[in-house]
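Chemist: Each chain is listed here by its residues.
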Amino acid sequence: MSIELLIVQLLNGLQYGVLLFLLAAGLTLVFGIMNFVNLAHGSLYMMGAYFAAWAYNNPIFGIQGSFILAAIVGIGGSIILGIVVERLVLFTLYERDHLDQVLATFGLILVFNEVARFIWGPSSYYMEVPEKLSGSINLLGIDYPAYRFMIIGVGLLVALGMFLLIQKTRIGMLIRAGASNATMVGALGINIKLLNTLLFGLGTGLAGVAGLMAGPILSVQPGMGEPILIVTLVVIVTGGIGSIRGAFFAALIVGVIDTIGRVFLPILLTTMVEKSLAQAAGPATASMLIYLLMAVVLAFKPQGLFPVKHG
Amino acid sequence: MKPTVNFTSPRFYVPALFLGALALLPVYAMLAHQPFYVTLFSRIMIFALAALGLNFILGYGGLVSFGHALYLGVGAYAVGILSFHGITNGWLHLVAALVVGILLAALIGVVVLRTSGMTFIMITLAFAQMGYFFVVSLKSYGGDDGLTIDNRSTFGLFDLASNTVLYYVILAFLAAVFFLFGSLVESRFGMVLRGVKSNERRMLALGFPTFRYKLVGYIISAQVCVIAGFLLANLTKFASPSYMVWQVSGDLIVMAVLGGMGTLFGPVVGAVVYLVVEEFLSSLTPGWFPKVEEVLNKHWLALMGIFVIAMVLGFRKGFYGYLVERELKKEAGRAQP
Amino acid sequence: MNALLSIEKLVKRFGGLTATDRVDFTVAPGEVHAIIGPNGAGKTTLISQLAGELHPDEGSIHFDGRDISRLGVPARSLLGLGRSYQISQIFRDFSALQNVMLAVQAHTGHSFSFFKPALKEAALIAPAEAALRQVGLANRMHVPAAAMAHGEHRQLELAMTLATNPKLLLLDEPMAGMSQAESEEMVQLLKGLKGKYGVVLVEHDMDAVFALADRVSVLVYGRVVATGTPEEIRNNPEVREAYLGDQEESV
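Residue numbers (numbering that gives the first Met the number 0), protein chains in the order written: chain A, 0 to 310; chain B, 0 to 336; chain C, 0 to 250.
I should point out that these hints are in silico values taken from the structure, not numbers from a laboratory. There may be inaccurate statements among the hints.
[Said to hold, decoys possible] Here are some of the chain B residues that sit facing chain A, going by a computed Cβ distance under 10 Å:
| # | residue |
| --- | --- |
| 1 | Leu97 |
| 2 | Val98 |
| 3 | Phe133 |
| 4 | Arg315 |
[Stated by the list, open to error] Listed next, the stretches of chain B that the computed footprint assigns to chain A, with coverage defined by at least 3 CB atoms under 8 Å from CB atoms of chain A:
| # | region |
| --- | --- |
| 5 | 122-130 |
| 6 | 161-175 |
| 7 | 317-330 |
Just so you know, even glycine gets a beta-carbon here, dropped at the ideal spot from N, CA and C.
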């Protein structure tokens, strides 16, 4: 077990963590303000990944293989798609109970996965790492892929941007006010319908960013959104539902613990118990770590690490 | 509540028609030389049973569990793992499944029931996913690929080797749980659960320590799914992580709502409708509109998705729920002077 | 005389706001002790701490000789604290009778009974019917609660509280939202209960308070500024200025 491996795995965990944060931020923001949960958030991540990969692999106005163009198409596409879905279906669900929201967005997931399968086929769709970022960067004697560094950088930048948006801008003030009192925001004469749509678009845009980033390192395929969505839900619940700050810290904690656990727990177990048992129990325990973390947090703090105060 | 059976009430004739038709189905399948119907409806009844179990806390307790597929898996893997080690006794399978199921439901229940609303939905989903990854990582028991079961459970005097015997065992479980829940929801315990759904704050103020009742309700509900899992593994001779994927939890909720959440028989109606539609769409063969039918056949899940969305937006009471509510309204009209 | 309920130096803070500020308060057996005060004085916060929905930051609550400060809501209810809510908390899906039967059920042993139909249990029906008759809902027993009028909800609310056999009633604005005639009926009803229960009465309707209360405490910004008989409170110049005066002007 070398220090080098540990650092590489820490960076991998961080990279997974910021991806989770990109997804969690939009979901928790929408939940905090509209008291609405969108299980199809993972589908918008998937669609973002497909849009980006498609734009990267096909010539658009004669340009092919441009990561910038892929970003514009991927993020823009998921924003537009998000807004369309919100205006068509989801806005009618804001006043409904959580069960209805869950069911309707469950239905949406089925639809989106089939749409992706219909257009791009059932097998994986690949997107290469852009050439300029395909090398690795040497950091303190450790080589780490440049592209993954970029993911970490983008994720942290988005986190900073979200922080500034919420703490320093007028929209942010409305978000904070809305999180605790939606009727008050309405009474201020602000078009809450428009605000909701914009926020929803922002959330799905962030999911698109995550999809774009994940495209070159994961396989883009139908149903890719759901496993990560469920981990995102773990992040949101652990961090405190509705809290961006909670989502940020919980995302990093979950990302690092999951990654480190999968690598080191089996190794650690072999030093403690018999080898055959460790080989069986190691991966099983590692795959459950983040859920156990969630269970422990909720057992002590049912509202999560950073509970949102209402009223 | 009624001393005599009311034959014109949908609460009598719908269950009677469904259970009667299900009882006769193997006879029809034999006469029509369609043995496939027996396994198809075995599967449908197993999911009806699971939906019935879920509905106990969802419809009567107001607890939206998005993780009941976990308990299907517990039942299935109890059969799978014990059979893998050469234990084929069905009684042992059932006891093992229920013991593990009760312990697991109690442990998970203690955590999830401390939360409510959206958090509850999310973490029941998360715990089911944890179970899914747990069995996937059990490489010695097949991991991702699942575990093949050589022979169905044996019960000493009889075994489940015959599809028809298994079919009637499943039907017996379904009918038994239906009648059991019929009495449960009218009992003191059932009244507490329904009170919690209606107004938990008031229940606390009246002096009910609601947590322990919700916990017991959650455990009971989970065990019905454990039994369904036990039956499913016997039907398919296979225990697979795919029984525990999160979509199955979602499907169970859809079935309960489609038939009528919080009604005794609704989940059975919902499961039959949902799975028959699914079967119809996924086995469409090119006929009148070959192009359309081919697309539908491949992408029938999209239609199911649209179907679910439409149900939420327009038909929230469910088929059976609609009939029952109409009848209750009539009764209420008579009660009001 | 031993007090049925006695509160000492109760403090509850929400962030920077002190909603309950060193409140001392007692209720003797059979006494009606009213709490009045302007909106936002912390009356409901105080009631919620008595019922156990909120836990105080400091101070103690003794009931019937026991320290109940740390007990939860159901435990307090079982000891004999009966609460009625300002906004009716009823079971809308059930009939009036079923609402009250559930209240009776809460206080007749545990409910881990799975097979006997609860709705046919005479031990639940008889006391529930009695409570409904007591509040004047005798001929509305089988009406679904959702179909009842607002005033009837208030009566049902009281019937449920009475059906739990309380020693002390915590009545949070029992007349809230009622018409003049309904209020007067409710006052008559509560007068009939006088002496049988200790009562903490939070109410805005001053006529009702002065008609029912043995003692009145005035709560302003979370603090008890005066306690005394209705006569004393009516004539207390400070109270007149701080509270009653405003009331009369606004009326």
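Chemist: Okay, which hints does this one fail, numbers in order?
Modeler: Numbers 1, 2, 6 and 7 - these are the hints that the structure violates, sorted from lowest upward.
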